[in-house]
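Asks: Taken in order, these protein sequences are the chains called F and V.
Sequential numbering from 1 applies to the first sequence in the UniProt record's numbering.
Sequential numbering from 1 applies to the second sequence in the UniProt record's numbering.
Because the hints were derived from the structure by calculation, they are not lab data.
As the structure is a prediction and not an experimental result, all values here were calculated from the model.
Certain hints may be false.
As the list claims (entries may be wrong) - For lysine-lysine, the following DSS-like pairs were computed, each having C-alpha atoms within a straight-line distance of at most 27 angstroms:
1) LYS176/V with LYS53/V
2) LYS123/F with LYS23/V
3) LYS34/F with LYS176/V
4) LYS82/F with LYS200/V
5) LYS65/V with LYS143/F
6) LYS33/F with LYS176/V
7) LYS176/V with LYS82/F
8) LYS176/V with LYS143/F
9) LYS148/V with LYS82/F
10) LYS138/F with LYS180/F
11) LYS200/V with LYS180/F
12) LYS143/F with LYS171/V
13) LYS138/F with LYS176/V
14) LYS22/V with LYS123/F
15) LYS82/F with LYS149/V
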Amino acid sequence: MTSFIQTSPTRTLSNTAQDHYIAAEAPFSTFIKKGQVVRIEDSYGQQAVDTLFYNAHDFSERYSSQDTMREQGAAYISTGTKVISNEGRVMLTVTADSCGRHDTSAGACSCESNTVRFGHYTKYLHACRDNFVIEVSKHGMSKRDVVPNINFFMNVPIEPSGEMTIVDGISAPGDYVELKAEMDVLLVISNCPQINNPCNGFDPTPIRVLVWDDEAA
Amino acid sequence: MHIRRSDEEIAANRARYEEHQKKGLEFAPKALPGKSAKPAPAIDAKKIMHQEKLPGGWYWWTRVKLNETLRIALDDGFSTVSVVAWNAEDPSERMNLPDTVKVQWTTGLGKGRVIFSDMGKVMFSITEDSSGAHDVLMGGSTASSNAKKYAGQNGPALRNTRDNFVLIATKAGLDKRDIPAALALFAPVRVDADGRFEWKPDLVSEGDYVDLRAEMDMIVGFSNCPHPLDPNPVYAPNPVSILRIAALEPAADDLCQTATAEAIRGFENNAFAAL
Ligand SMILES: [Zn+2]
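Use the sequences and the hints to build the structure in full.
Replies: Okay, structure coming up:
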């Protein structure tokens, strides 16, 4: 784990509005206000961070992977990507990315899909879909509300032939993405526990989530 | 302090993944036997339970039972048809395209492939497919994508897939929260080396068809609206034919049920859930 990387003179460790340590394999959620900047830090490197966003005032408006990919005309997430909701509105904008490769096609691992992908003996392993269900349940939602997500720091190249596999993440310890909230959002994370594919280098590690108030204010 | 997994554990898991990946990719030729021939094989009239002609811009939904087949065909020229599906018995189980592409190691769906639910079960087998050109990534149009694309043609007023699916979900007793990511049939989208989307119009033409065999009782929704990447500057979706064909028990050596280790395990999940 590396030390804090300052991306703006106004963004220091001492003036964070929120600073969370999220253990390996754990679920997490928090509210981010319009204008705030959230940093998701891959503290140890090579850790897939499965992420969903909901409009804080109306959870029926939520992250849409298909609208996000359509709107930017590309399959991967990076600096400049507008995170689009199912209502076609911009929820957040990716303002910084020290890694350069994030997926939103492969979805979250689940006990059920693990049985199909790896064999029935992998059913009883922690999985992101379970983390998401646990976390959204705290906010009055259910499995119906768990939609295809962003996998920050997960490397899923799609070939022109259509072929896709999950390969080793390229994120190093301390790599981060920063997003500016364009509306009040609920951020929901599953810090992926998958140990059957290389999305975490087969070794889930902790992450950190930091939030700053609008620096222009 | 985080205690990392041992090098031995990591190496063992990596070896297992590489073996799965190798098998998944090696099996692929069997799961993709090539495109179905045109014209589509005729269906015995007695087997046709229902025939729908879905006008351009419109939606349609139906219930299907296990082993029935839906044939979606471009009999009247090119169009793109977006599809969503829910388990009829428990609609909280629905089509899941990320799982579908991830477990089959490809975003390219075609004859021989299957479509999974979020519960590790198979919803559809693609038993025939003459184009193999479908989009799992971008889904359908929305009011805002129409407004942008058809500016000057009263774009916002043109029918769109998102609103069509809201109508279907609501009429089926569901909610807009229940709308899953949509499969767009006859949408020749490819991804280039940088992740940019490309539209390959030569891959689809009039007379193309897809046969989807239901692997559980379902509610299935269709929207016949131009795909957001469709380069035609004019909003002009053609009608699309949809046949609902009576159930036929798959043979023991059915291609879709046996072509990959992943499909076999998915069907084992279906069989267990049906007990
Ligand atoms: Zn996961």
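Asks: Against each hint, give a clear statement of whether it holds in the structure.
Replies: Hints versus structure:
1. Only pairs whose Cα atoms come within 27 angstroms are accepted, and LYS176/V paired with LYS53/V is accepted, the gap being roughly 25 angstroms.
2. As the CA atoms of LYS123/F and LYS23/V are separated by approximately 20 angstroms, the hinted pair is consistent with the 27 angstroms bound.
3. Taken as a hint, the LYS34/F and LYS176/V pair is honoured in the structure, with Cα atoms around 24 angstroms apart against an allowance of 27 angstroms.
4. For the hint linking LYS82/F to LYS200/V, the alpha-carbon distance of about 26 angstroms falls within 27 angstroms, and the restraint holds.
5. About 24 angstroms separates the Cα atoms of LYS65/V and LYS143/F, which keeps this hinted pair within 27 angstroms; it holds.
6. With a C-alpha separation of about 25 angstroms, the suggested pairing of LYS33/F with LYS176/V holds against the 27 angstroms cut-off.
7. Pair hint LYS176/V plus LYS82/F holds up; C-alpha atoms about 22 angstroms apart against a cutoff of 27 angstroms.
8. Note on LYS176/V and LYS143/F: the hinted pairing holds, with a Cα-Cα distance of about 14 angstroms set against a maximum of 27 angstroms.
9. In summary, the hint linking LYS148/V to LYS82/F is supported, as the alpha carbons are separated by about 16 angstroms, within the 27 angstroms threshold.
10. Distance hint between LYS138/F and LYS180/F is fulfilled; the C-alpha atoms sit about 24 angstroms from each other, no more than 27 angstroms.
11. This hinted pair does not check out: LYS200/V and LYS180/F have alpha carbons roughly 35 angstroms apart, beyond 27 angstroms.
12. Distance hint between LYS143/F and LYS171/V is fulfilled; the C-alpha atoms sit about 21 angstroms from each other, no more than 27 angstroms.
13. Restraint check: the Cα-Cα separation between LYS138/F and LYS176/V comes to about 21 angstroms, which is no more than 27 angstroms; the hinted pair holds.
14. Restraint check: the Cα-Cα separation between LYS22/V and LYS123/F comes to about 21 angstroms, which is no more than 27 angstroms; the hinted pair holds.
15. Proximity of LYS82/F to LYS149/V is assessed by CA-CA distance (about 18 angstroms); at most 27 angstroms being required, the pair is judged to hold.
Checked against the numbered hints given earlier, the structure breaks only hint 11 and satisfies all the rest.
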